[in-house]
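Could you fit the two chains together into a complex? Lean on the hints.
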Amino acid sequence: MRTIEAGRITAAVAKLAVEANYYLTEDIFGALAGGQKTEESPLGREILGQLVENACIARDQAMPICQDTGMAVVFMEIGQDVRVVDGGLEEAVNAGVAKGYTEGYLRKSVVDDPVFIRKNTGDNTPAILHVAIVPGDKIKIVLAPKGFGSENMSALKMFPPSAGVSGIKKFAVDTVSAAGSNPCPPIVIGMGIGGTMEKAAFLAKKALIRPISVRNANPEYATLEAEILELVNKTGVGPQGLGGTVTALAVNIEYYPTHIAGMPVAININCHATRHAEIEI
Amino acid sequence: MAEPVRITTPLSADAARKLRAGDSVLISGAIYTARDAAHKRMIEALDRGEKLPVDVRDQIIYYVGPSPAKPGQPIGSAGPTTSGRMDAYTPRMLAEGLRGMIGKGYRSAEVVEAMKKHGAVYFAATGGAAALIARTVKGYEVVAYSDLGAEAFAKMTVEDFPAIVVIDSEGRNYYEEGQKQYRRL
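Sequence lines, in order, name chains A and B. The numbering of the first sequence is this note's numbering, which starts it at 1 and goes up by one. The numbering of the second sequence is this note's numbering, which starts it at 1 and goes up by one.
Taking lysine to any residue pairs in the SDA-like style, the calculated list, with each CA pair at most 20 Å apart, reads:
#, chain 1, residue 1, chain 2, residue 2
1, B, Lys-180, A, Pro-42
2, A, Lys-119, B, Pro-68
3, B, Lys-155, B, Leu-26
4, B, Lys-155, B, Thr-136
5, A, Lys-169, A, Gly-195
6, B, Lys-70, A, Arg-59
7, A, Lys-15, B, Ala-69
8, B, Lys-180, A, Arg-45
9, A, Lys-119, B, Lys-40
Interface residues of chain A toward chain B, partial, derived using beta-carbon atoms under 7 Å:
#, residue
10, Ile-57
11, Asn-182
12, Ala-273
Label-pair ranges, simulated between beta-carbon atoms:
#, chain 1, residue 1, chain 2, residue 2, range
13, A, Gly-88, B, Ala-45, 44 to 50 Å
14, A, Glu-198, B, Glu-159, 44 to 50 Å
15, B, Gln-181, A, Met-197, 34 to 40 Å
16, A, Val-134, B, Gln-181, 44 to 50 Å
17, B, Ala-45, A, Ala-226, 50 to 56 Å
Treat the hints as calculated values from the structure; they're not laboratory data. Since the model is a prediction, treat every value here as computed from it, not as a measurement. Think of the CB as a built atom: it goes at the ideal place given N, C-alpha and C, for glycine as much as any other residue.
For reference, chain B alone in the conformation it holds in the complex (with noise of 0.2 Å):
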C-alpha cells in the first residue's frame, strides 16, 4: 500500500483536483455530518431563497448519524452511512460549492457528472470501522437541525480520519476498477 496522502480541510479545487480514484488519505480539521433528513432541509432552505446553516464552498460532508457519545466523549461510534440515499441532494450541494463528501457505496451518474462539473471529490469510509473511526473525532458540536437528534447538521473535528478517494474529480471510479480487477466469473 502506497503511503496515504494527508489532507486538511477547507479543501481547495487545486488539492481537491490532485486526488486520485484509489488514494488512501488522512483527513484533519472540520467536516460537517449531515444524513437523509438534514439534507432534506438543507434543500428546502434553498428552494425557499434561504442560506444554508454554513457555507458549504470547500467543505467536506459527512454521511453519519453517530451513536450517542458516553460521558465525556465527543461521540459514539461514528462509521460512515449509504451514500446512495443523498444522490437526490447532492448535485445541488455541489452547486454550493461543497468539495467532498465522505460515505460508502455507490453514487448516481447525476452525481458523478455534477462532481466532474464543479471539481468534487468523494470518499469512502469503512463501513462498520465505526469506533476506529470514532477515535479520530476529536470535537463534534451541532451547528442546526438539533431535533433531528443523532442525524442534526454538526461541525466535527477530526484528525488524521481515514478514508478512500473512491470517486475523483474527473469522475474515475474505483468501485468499477477495483472490482473489475477481480472478477472471475
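For reference, chain A alone in the conformation it holds in the complex (with noise of 0.2 Å):
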C-alpha cells in the first residue's frame, strides 16, 4: 500500500488552484482564437481579439483570466491501492484551496450559508469535492474554478423518455437562448444525460473538463455533440450576446444508464474562461 501525506494534497491543490486562474488551456485558446476567423459579426470578432488578448495578459503577468475566480470544483480520482496519512482528505483539499486562493491572489467569493447569513468565508472554501476510488495507486487531481455568471444559467430537466433525441436539442438551444449574454459567450456547454437526477447534474460537470478538441467516443453521442453546437450557433447569441455566430465553442456530452422510466439531462453552461488545471501524484 502506498502511502501520500495529506500536506502533499494541500500543496497540489493550491498550485492547481493558481494554475487554472491564471492560465487558460491550449484547447480553448485555440477555439477562442479559432472563432475569431470564423465568427460573422465585426463587433464579435472584435469581442473574440480581446478574449484573446486578454488571456495572453493573464498568462504573462500571472494574473487572474476573470475577476471571478470561482468556487473551486475537485475531482480526484484516488488508487485504491494508496492511503493518505497525517490528515484527512477533506480538510487537505480545503486547506490547498485556501492557500492557493489567498496566496495567489484570487477572489474568495463564497458565502458559509446560502439564505440566512451568507458570510463571506474568508478563504474560498469549502470546495465542491468530487471522489472516485479507482484502481491502482496514484491520486489524480482536477480544479476546474467555476464562476456563477455562467453556473446560474445552467438547468437540468427530468424528460420521459419518448423525449427523445428532438427534446434534448430543443432544451439545449432555449437554455442557451435564455441564456444569452449572462453566462459570458462564447460558451462551453457540458451536458449530463442519463443516471438519476444528482448523476445528471455531476456528469454535465465533468463534461466540462473533458478538452473541447475530444469528441464522445461513442459516435451517435459525438454526432449529437456536433449537431447541437451547429443549433446554439445559430441562435444569434453571439460573443458576449451582442449578435453573431459563435455562440459556443463546444458541447460535450456525458452518458450514463438510466431507469426505463426517465431521460434526465442536465446542461452545465460555463464560460469562455472554462479553466481547469490537474495533476497526478
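Take a look at the structure:
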C-alpha cells in the first residue's frame, strides 16, 4: 500500500487553484482564436480578439483571467492501493484551496450560509469535492474554478423517454437562448444525460473538464454534440450576446444508463474562460 | 468597426443622449464600483432619508467585484459582473441622477423605462476580459462599506476603459438588434 501525506495534496491543490485561474488551456485558447476567423459579426470578432488578448495578458502577468475566480470544484481519482496519511482528505483539499486562493491573489467568493447569513468564508472554502475510487496507487486531481455568471444559467430537466433526441436539442437551444449574454459567451456546454437527477448534474459538470477538441467516444453521442453545437450557434446570441455566429465553442456530452421510465438531462453552462488544471501524484 | 467614441466622466445628459446602441466607447475619468450588497445598503440609506456615500448625479457605476490587487498594483482582475442582479435597485439609483451603468447581460423592462425617463445609458464591458480591463484602471480607492471587501463602494480612475453601448437613453437595445441579425433558427 502506497502512502501519500495529506500535505502533498494540500500543496498540489493550492498550485492547481492558481494555475487554473491564470492560464487558459490550449484547447480553449485555440477555439477562441479560431472563432475570430469564423465569426460573422465584426463586433463579435472584436470581442473574441479581446478575449484572446485577455488570456495572453493573464498568462504573461500571472493574474486571473477573470475576476470571478469561482468556487473550486475538485475532482479526485484515488487509487485503491493508496492511503492518505497525516491528515484527512477533505481537510487537505480545503487547506489547499485556502492557500491557493490567498497566496495567488484570487477572489474569495464563497459564503457560508446560502439563505440567511451569506457571510464570506474568507478563504474560498469549502470546495466542491467529487471523489472516485479507481484501480492503481496514484491520486489524480483536477481543479475547475466555476464562476457563477455561467453557473446561474445552467438547467436540469427530467424528461420522459419519448422526448428523445429532439427533446434534448430543444432543451439545449432554449437554455442557451434564455441565458443569452449573461454567461459570457462564447460558452462551453457540458451535458449530462441519463443516470438519476444528481448523476446527470454531476456528468454535466464532468463533461466540462474534457478537452473541447475531444468528442464523445460513442459516434452517436459525438454526432449529437456536433448537431447541438451547430444549432446553438444559429441562435444569434454570439460573443457576449451582442449578436453573432460563435455562441458556443463546444458541446461535451457524458452519458450513463438510466431507468426505463426516464431520461434526465442536465446542462452546465461554462463561460469562455473554461478553466481547469490537473496533476497526478 | 467604427472608431470608438471617447467619453469622459462625469457624463452630462447631453453627452449621454448622443450615444447610440451599438457604439463602441472608451471611458476615462472617475467611475464608481458597486454590486449587490453595496446597492442594498445604498437603497436602505435612501429609505432612511440619508444621503448616498457620494452624489451620483451624472456619474457612472461599474458592477464589479475585483480580485485582490498584488503589491504595487491598483487592482487585480476587474471584469463586469451580471447586471440583472442590480435591477431591483437601479430605478431608484437613476432617480437620484445616476447617468450610466457598466456591467454585462440583460436589464429588466423597469430598468429600461427608468433609463428612458432619466436619460441614462447602459454599457456592456466584455465579461471575463478582466485582465485586459484591469490595465485601464489607474486608481482604486474605497469610499464606503469597506467591510464588504471586493464588494465595497469604491472610486475607480480609468483611462480608455473599453465598453459597448447596449441600451441607449432612448431604450434601443443592441442585445436584441444584434442577435436578431444573426438568428437562423
